[in-house]
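K.L.:
With chain A held as given, fit chains B, C and D onto it using these hints.
Keeping their order, the protein sequence lines are chains A, B, C and D. Numbers 1 to 284, taken from the working numbering, label the letters of the first sequence in order. Numbers 285 to 568, taken from the working numbering, label the letters of the second sequence in order. Numbers 569 to 823, taken from the working numbering, label the letters of the third sequence in order. Numbers 824 to 1078, taken from the working numbering, label the letters of the fourth sequence in order.
Calculated from the structure, these hints are not laboratory results. Model, not experiment: these values are computed from the prediction. Hints should not be assumed to be uniformly reliable.
Using 27 Å as the maximum straight-line C-alpha spacing, the simulated DSS-like pairs for lysine-lysine come out as follows [stated by the list, open to error]: (1) C:K715 with C:K803; (2) D:K1035 with D:K970; (3) B:K409 with C:K803; (4) D:K970 with D:K946; (5) A:K125 with D:K1058; (6) A:K125 with B:K409; (7) D:K970 with D:K1058; (8) C:K715 with C:K691; (9) C:K715 with C:K780.
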Amino acid sequence: MTPAFLSLRDAMAQQVRDGMTVALEGFTHLIPFAAGHELIRQRRRGLTLVRMTPDLIYDQMIGMGCASSLTFSWGGNPGVGSLHRLRDAIENGWPHALAIDEHSHAGMAVRYSAGASGLPFGMLKGYVGTDLPAANAARISNVTCPFTGERLTALPAIQPDVTILHAQRADREGNVWLRGIVGASREAAMAARAIVVTVEEVVGDLGAPMNAFVIPGWQVAAIAHVPGGAYPSYALGHYARDNAFYLAWDEIARSRESFTAWMGEHVLGTTDHAGFLRSVGAVT
Amino acid sequence: MTPAFLSLRDAMAQQVRDGMTVALEGFTHLIPFAAGHELIRQRRRGLTLVRMTPDLIYDQMIGMGCASSLTFSWGGNPGVGSLHRLRDAIENGWPHALAIDEHSHAGMAVRYSAGASGLPFGMLKGYVGTDLPAANAARISNVTCPFTGERLTALPAIQPDVTILHAQRADREGNVWLRGIVGASREAAMAARAIVVTVEEVVGDLGAPMNAFVIPGWQVAAIAHVPGGAYPSYALGHYARDNAFYLAWDEIARSRESFTAWMGEHVLGTTDHAGFLRSVGAVT
Amino acid sequence: MSATYTPDEMMTVAAARRLRNGAVCFVGIGLPSAACNLARLTHAPELVLIYESGTVGTRPSVLPLSIGDGELAETARSVIPLPEIFTHYLQRGRVDVGFLGAAQIDRVGDLNSTVIGDYAKPKVRLPGAGGAPEIAAHAKTVLVVMKQTARTFVEQLDFRTSTGRPAAVITDLGVLEPDPSSRELTLVATYDGVTPAAVRTACGWPLRVAAKVATIPPPTAHELSTLRDLHARTKAAHAARVALSHLPSPISHLP
Amino acid sequence: MSATYTPDEMMTVAAARRLRNGAVCFVGIGLPSAACNLARLTHAPELVLIYESGTVGTRPSVLPLSIGDGELAETARSVIPLPEIFTHYLQRGRVDVGFLGAAQIDRVGDLNSTVIGDYAKPKVRLPGAGGAPEIAAHAKTVLVVMKQTARTFVEQLDFRTSTGRPAAVITDLGVLEPDPSSRELTLVATYDGVTPAAVRTACGWPLRVAAKVATIPPPTAHELSTLRDLHARTKAAHAARVALSHLPSPISHLP
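So that you can see chain A by itself, here it is in the shape it has in the complex (with noise of 0.2 Å):
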């Protein structure tokens, strides 16, 4: 059936509740930013944190004090270098414990599509001869081929209580159409018990071509209509990724008072992504 149309504070307010595991999905493009600042505005805690790139939005996260815990595969700002409130909550414990699940990006990939085909594990042939099974033993295993006796690493599933998407595009049955790179998005949906995603329009027609990237309207919980929902992120068609801003961010994030600060003026500060935008200047 065609899925709740809300605004994005009902939407987040209706299928996020503290302590969920829920992954912000979208590989550098199509990063729910809006949703992720309307988390922290609603003052959720306690969540698991899942992504394979943390990126800013989980730096702002993790320093606004959602999570509990982070399953990741790099956690660094691309191209320009560290994430400083991830690393202030893994070396100090600040705003507090960080607990860590970390993989490659190839193991993540194999986790969320376990996950999203309803098996229990995956495998792939890595991790071996590095330090990363012993670091996270408790989810880096071990199978054997039953045919051929060779011996690949398992890893176990991950199935979100929520995963949210951002996408340019969906229809009035909510059918929502991602174009460009979608990374391990797609996995990560149909892994999830729940999807929710935020889009730049929505239109009658969906106007997909054959074989594009779309996600059934009867699998989507709610859809929240969110334009520059992925800023500083980008939205191919839409806008670019703001790399300005994510060089910027080295130095806002540096120290704990000028991310505060910020956080304050412009996620706390507002009261929707509208407001966010007007705020740091992406529209005038």
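P.N.:
Relative to the frame of chain A, chains B, C and D by itself:
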């Protein structure tokens, strides 16, 4: 690098040799009939044929004695009934004995996906309580999830020597675009040691939309330009499935005599696919 | 009220009525496809049809002959790789209703579509499993539609292709459902004019009959005309030979 | 002939020269991306660049800041789901050259990009593995590009993120290759004006030096201008703030 653009005859002669494991894939759509007919004309022998649905093309190849073994998951004439030549080979060993390696669709998809992923096996929740494992014990086994203890069915990967596909379009770099129902074609292609493609048209600019199913040219061994190459299967956007031919095949293939006469006249009696199409009245 | 109808038509209508609007159905070719599309064209316009070829949310105007006809792709919400149909949809538990047929069924609803006779040296080699074992295992509700004869409803399957424990078996004579405790298929309803005794005769095991056997109302005029229109459109579409016009010459050596 | 150049530029040029035309490269962000695109814009126009974001056969005109910039998607031959990059391409053995950097490297070429200090209580938490372990394991040839200091070329890694046994380590001082028998990284070439003694000083273990150390020719004028143009275009592109014009109002309740 750019693949070789060859005549169909040269492409088949160069890439397919007796005794190889060959997958002519395409699920109902884009079945590479022209390539199969050319392998019959070249009197290939001892092939291990792999296809989820043998369809008319393998009925023909088996009846003409090309195959010593068949790996498959559903061997009927879709919506019509039996594949009489496949039945005659299994039931009576005509024209000679045919070994079979039988699975479900889900199992074949898992086997191709494992092959495409470079894994020695794949797994699914399936086959439990059925007679399939006992019927094919060498190729159906089990693994246990190291995290949950759940028992899963394990199947060996398929990596064909050659996978042959038909597609709507290639560009002059050899990039190939498949549009519409793709079945497990992509997985069968990525699993293969060599990929050979017949196409409806060769163009300067592929014109594929973002996220289309494109096989990069540098992975393709050879391309043959064969308009109508999927007939009596179909190529979306070019021509429809000749359902009337599929209905008529039931009578043609029912007896060894009528089958042999038909193949003699229309396949062995023609030198190429254009000749075949004229011979069966598909072009005038 | 309703015109004369065949047992096949009654069976298709009875199967269609089982589908609630909005359900996600994994559809096989033949009777299941006819029943699902009849439901979609009558009481269940938002029925979601998934065919194993990779077409999700398709709305064909004629019944496909094969499970991958172009009609299915062109009217689908989404056309995806076949492996994802079995992993992301079926195995992940995103399918409400799976519809199956078979050559043989036994008293607990297990199915054979593989061989008659011995597997290694079959008397009749049937098409085989296709999507059936996993549809049977993973759809939340499994429905079986097949004509009932003593030759097909058997005491002992020649081969167990699928084990599905169907919620109902809809035949051309009536409807069987598993007994709540023993799981044995039991006659719970017949069509107008069919006696339980007639149904028992057309069964290879001593068929149990429920204490109260319902009578399923005959097709309505609307159901019947919709089904017949669908079949007529389908027959016309499949009879037409395909001609490839303006076939260009192959180009042998290109770049 | 060639203008003055920096050690970074020399390192990038030396890395680019290692790539033969037509090779399939799995590219990381930073120095590897610069080297691969320099090669593509000079001697290897048919180099196939794969970024882990899912872009296959991409031809960016500016270097991406992130591994998933829109520029990569828009200039790619194919944009596919990320899991397939790791399964169908890398793990299946369809990648010729994998390019890696790291925070630490040891004498056999194993790499650390995870932590400095103890994993459970790190002194410096680094970004982590990303695609590195599988690039190192599955690319037919692994190349490492990183600046050489005694602090980063270490006797003992703090954490083994990847074990790749690289075919070559290209630094800002020269090139190390594994000794054919011991597999220990050995200095085989230096840049113009760099002595083996200087390279040994910038290494945390007693670096072995090959019997014959080659000298790598300095960047040509063409290489240097191509690289500088690329960096200039990139810097200009990344400095521009993005403004979302004509943002429509959100619609709260739709159908």
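K.L.:
Each of the hints needs a verdict: does it hold here or not?
P.N.:
Results for each hint:
{"no.": "1", "hint": "C:K715 with C:K803", "in the structure": "21 Å, holds"}
{"no.": "2", "hint": "D:K1035 with D:K970", "in the structure": "23 Å, holds"}
{"no.": "3", "hint": "B:K409 with C:K803", "in the structure": "38 Å, violated"}
{"no.": "4", "hint": "D:K970 with D:K946", "in the structure": "21 Å, holds"}
{"no.": "5", "hint": "A:K125 with D:K1058", "in the structure": "38 Å, violated"}
{"no.": "6", "hint": "A:K125 with B:K409", "in the structure": "22 Å, holds"}
{"no.": "7", "hint": "D:K970 with D:K1058", "in the structure": "21 Å, holds"}
{"no.": "8", "hint": "C:K715 with C:K691", "in the structure": "21 Å, holds"}
{"no.": "9", "hint": "C:K715 with C:K780", "in the structure": "23 Å, holds"}
In summary, the structure is inconsistent with hints 3 and 5 from the numbered list given earlier, while agreeing with the others.
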